[in-house]
Every structure is written in C-alpha cells, then in structure tokens.
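Take these sequences, add in the hints, and give me the full structure.
Line by line, the protein sequences give chains A and B.
The first sequence stops at residue 278 when you use the working numbering, and every number in between is there.
The second sequence stops at residue 1365 when you use the working numbering, and every number in between is there.
Derived by calculation from the structure, the hints in this document are not laboratory data.
There may be inaccurate statements among the hints.
As the list claims (entries may be wrong) - Lysine-lysine pairs mimicking DSS-like chemistry, simulated, CA-CA at most 30 Å apart: (1) B/Lys-1349 x A/Lys-185; (2) A/Lys-86 x A/Lys-51; (3) B/Lys-1349 x A/Lys-121; (4) A/Lys-88 x A/Lys-2; (5) A/Lys-86 x A/Lys-104.
What the hints assert, rightly or not - These stretches of chain A come out as covered by chain B in the derived footprint (C-beta under 8 Å, 3 or more residues): (6) 110-117; (7) 120-131; (8) 135-144.
This structure is a prediction, so every number in the text was calculated from the model and none was measured.
C-beta: ideal position from N, C-alpha, C; glycine also.
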Amino acid sequence: MKTTEQLRETWRRDQVFDFVQPPPAFDSVVDTTHGPILYVENISVSFDGFKALNNLDLTIDEGELRCIIGPNGAGKTTMMDVITGKTKPDTGSIWFGQRIDLLKRSEHQIARGGIGRKFQKPTVFEALSVFENLELATASKKNVWYTLNNDLNGEQRDRIDEVLRQTGLTEHYHQEAGALSHGQKQWLEIGMLLVQNPRVLLVDEPVAGMTGEEVEKTAELLTSLAGRHSVIVVEHDMAFVRSIARKVTVLHQGSVLAEGSMDQVQNNPRVIEVYLGE
Amino acid sequence: MLIQRLLLNDRGGMVVLGLVALIAIVVPVLNLAVPPESPLYVSNFTVGLLGKFLCFALLALSVDLIWGYAGILSLGHGAFFTLGGYGMGMYLMRQIGDRGVYGHPELMDFMVVLNWETLPWYWQGFDMFWFAMLMVLLVPGLLALVFGWLAFRSRVTGVYFAIITQALTYALMLAFFRNEMGFGGNNGLNDFKDILGFSLSADSTRAGLLIASAIMLILGYLACRYIVTSRMGRVIISIRDAESRTRFSGYQVESYKLWLFVFSAMLAAVAGALYVPQVGIINPGEFSPLNSIEMVVWVATGGRGTLFGALVGAFSVNYAKTFFTTFSPETWLFILGGLFVMVTLFMPKGLVGLAGRLLRKGDKE
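Here's what the structure looks like:
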C-alpha cells in the first residue's frame, strides 16, 4: 500500500526532481518567484503534552513588515524557535523561498543563510565593544580557521559604519556593550542582525522596557527596514504595533486566530473574545 | 603589526614573559658557570624546580585558554598532560636499550618481569624522537577531539562537562594502573638514562631542558595570544558570554569549542612531555583527579582570562606548595582548599586583578 503510494508520488509527471537542479544553497539568491519568502506550514510542537503550536500556518511575503500579537502562551516565541532551528517541530514544514527546507538546517546555517533573530531579552556580547559586537555578527565566512587568520575587509567595515549610523550608535563605537543603556542594547542587537544582511528579521519584543522616545525611534528604524528585508515583529505593546503595522497576525493557543490590518483584527469578534475574556 | 598585537598591547604579559626569559638565561648560567661555593650559585635542585614550574605554567596556560576565554571548565586537563608525559616517557624508555636491570636489548624491565616475549605494537616507533613527539601531540589531541566532539555535540556544558572530564582522567588512571596495559602499571616509567644522546643526570642537560621549557612556554603563550586576539578569539569570548546569540549570529559554536579544546589539550601534552625528563618519572598517579583540580586553582589564583595570570598563578601556587610541603606537609591540602575559597570570594580576578587594582590606585594618588 505504502509502496504503491510512493511509486505514484515518484512517477508524478508535474514535478521536477530536486536532484536535477543544482542543490539549493543559502548563499545563492533565494527563490521568491511566487512572492512569499517564508512558508510555515502546518507546524505542531508539543512539550510534554502541552501543544505550544497547533497546525500553525503562516506565510511571509518578501519585504513585508508583519506584526504578530497574541496573549501569553500563544506560541509566539516557540514559532521563532522553530523558524530559527532551535526547536524541531513534531509535524509540518518550513520553506525559505521555494526550495530551501529550513527543518534540515541547523541554527548557524539558518542564521548564515539570511534569517536573523533578536531575542526578547537584549543579548549582546557585553565584554566586547560595540564595534566588535557588529564585527562578529557581520556576514562573512564564519569557520574556525578563517576567523583565526582573517580580519574584516573594507567593504564589511563600510557596512558596519552604515549600520552604526542607522542604529544611532556611531559615537558609542568604542564603548563596551555592557555599558550601554537598555534601549541602546536593543538597537545594537538589531544592528547585529542587520550586518548579517538577512532576508528575514525576527524581532522579539523590541520595545519592552523602552522609554517613549526610544519606542518612537525603534518604530522608525523597523519601518525603514521593511522593503529591503522582511521583518516579523512579535510585540505586546498595542500602541507600538498600531504605529508600525500594515498586516497583523493574531496567534492564540498555537494557531492563527485572525489575520489582516490592525482595524480588521481589532474588530474581529473572536480576537475581542480572546483578549477581553468572555 | 603582529608584534604589536601579540606583545605590545599586553603589558602584563610582556613583564611575565620577560621574567621567564630572564630565568631561562640567568639560571643556567648561575648553575653551570658559577662555582658551587659562590653565593650566586643556583643549586641543581632549584634548576629542577624552576624547570618543573615552567611546565606547570604552560599547563596552566592551556587551562586558562579553555576556561578563562571559552568558559569551559575542564577538570581533566591532567589527562592530556599525563598522556603527553607518557609519550615522552616511552621515548626515554626505548633509549635505555640494554642498560636495564635485566639487560634485555628491546624489552623494558617491567615487560621482562611480566614474561612478555615481544614489544607490544604501540611501543613500536617510540625509539625515534620525532615519532614520539608526534604522538605526544596526536594522541592527546585525538582523545580531546573525540571526547570534545561527543560532549559539545550533545551540548554538554558547565558543571556536567567538568564532571565528565573528571571521570575521563579517573578512568585513564585506573586503566594505566593495570600491568596488562603495558605502561609499567603503578610504577609507571622511570629510570631514564638519556635524551637525544645527552645524559639526563648531567647538569648541562637539566639546564638545557629548563631552557627548552621556557622557549616552549613563550611560544605557547604567543600562540595563545594569537588565538585570543584574532577574530576567532572574540568569537570564543562571545560564546562564553552569550552562547545562543553567537549561534544565531551564524557561528557553529561546537566546532569553535572543539578546536580550542583540542589545541588546549595539545598544549597540556607538550607541558607533560617537557615535565617527564625533568622529574625522571611518570606514573598513573599523575592522572589523579586532584591534580587536574589543582591546575584550575593555579589559574583561578593567578587570574583567569588574561593568559599571563595563569603563569603567575602556576608559579606562585607551586612555590607555596613546595614551601609548605617541605615545612608542614599535612597542612598543604587545607591551604590549597582555603586558597581556592579565598580567591573565589575576595579576588575574583586573581592575583593579576589585585595587582591591577593596586596599580590603578597608585596612579590616582
């Protein structure tokens, strides 16, 4: 039974076998001919019986800025873990472009391949200077022997200068990252993603603990990134989401509850029910 | 450019390396050229002691590289040190030839006692110095590679890693205690005669070994500096401080840890190989877990994450050990334990950190 199915699958005439094409490589251009750059299909993850993600489907277009909201425990962070390779899902598949199966790649490959991730708690290398933080994150060969014997080239340094300007950290260039303010650390971490030249940025709660002015600056930074990168922002702060969002996805109990513009989503009765109770 | 990077930016290191070079030059001269009656004469005992300390300093350096920079606490570095020592010991045993107690041209005395007929396969080739030195590097390196690969791949870190390294060195100790292993059982390897044709009992050979140890220490130090000042070194520091951030920055954290661990193990093995001809014996007792813990105490006392702190620690703790074990042997272990507690509580950056603080205070006044 199973064999016949497999045979039928193999003999289907409308498919192109992967081995006929050159193997997909991260360093080549990601195939986004059909529009989306990231397909999350039917993903389920459970921890000791608790379903953190339940048949989650999500498609992110190239250059899109997407906000993901949802109550605590909705599976937002788990979703990021799955996309970046930290957690392996029980079922489902994730495709980067048309041809790259992310579930077959490890964390560092996914990161090198163009999916950058910012953690909820700002995580920078505190003992190193701002420049060194960016230097480490910069896209380049990242194997042991290469980093032992090579410094960055001029082009890569220019890119770091550019990102320093973008994130407003130029004058803190030499400062130890541990001595930065909370907001500056958040920006540095976003900067560290940017120098990786990612196609997709996953940003987990970028404005938590920021002052009003810092929130504004962050909103500006993130909206300026959309277009060049696809940006996925997970955030609790509704005012912030409203200020940047074009399209919002609401997660609830590990699956998508609603999707659309902020107004559509806020008037969705099911969303209101989840957020406000009965 | 390279000199700037390796030395000039590292003032503490320059001072310590300067002292090492001074020892390597002055001590042999005072030992060989000055008559014993002179007050300037340095005794053979002191030469041996300093040579030993230089080996310990190299060993401490290897521990600091992995613990101070990558945050990987290995409580089994004694295993690599001792394996290196056995490699050298095997070469020295083969040099004895038919001058052993039983006068057998090929077999070691302990093999004759065990009624062995032929030399085991793993003793072949050790009569050649280059081969023995190659094995000194390769065997511990390979062990570290396999062990580290298994441990880091499974993401074993912190205290769990420390415990399994401790188990590794303990297991090796038990194995080497067995006579059937063919490494001389609990007597180990001893009664060495000469190295590269030079008699080990000659003063000049001892002085030469001291100089060789100092040179290896300086080279090892510069190699470590090269690593920690490179981009790879900064990756390693970031692994220590924020491992998952490093991983999501696109680095394969495991391979960085693994290669650093292998390099560190080889450095420890070189220290062991230099140590054995100077003390004249290697036995399984060197594998004892306590030794490996002592190495960590040297580094903690000197100040971890600075490289030269490890050298300072190795010298000062071992000097204290020599002093106390001479005058009141039974108190040493208490002092060692107390030292570790004191350092952890009051000098988290070790002697080097303390000196730095005092210097800065002096600058301000």
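Against the structure, the hints:
no. : hint                   : verdict
1   : B/Lys-1349 x A/Lys-185 : 26 Å, holds
2   : A/Lys-86 x A/Lys-51    : 17 Å, holds
3   : B/Lys-1349 x A/Lys-121 : 27 Å, holds
4   : A/Lys-88 x A/Lys-2     : 26 Å, holds
5   : A/Lys-86 x A/Lys-104   : 12 Å, holds
6   : 110-117                : holds (count 4)
7   : 120-131                : holds (count 6)
8   : 135-144                : holds (count 7)
Consistency with the previously given hints is maintained throughout, with no hint failing.
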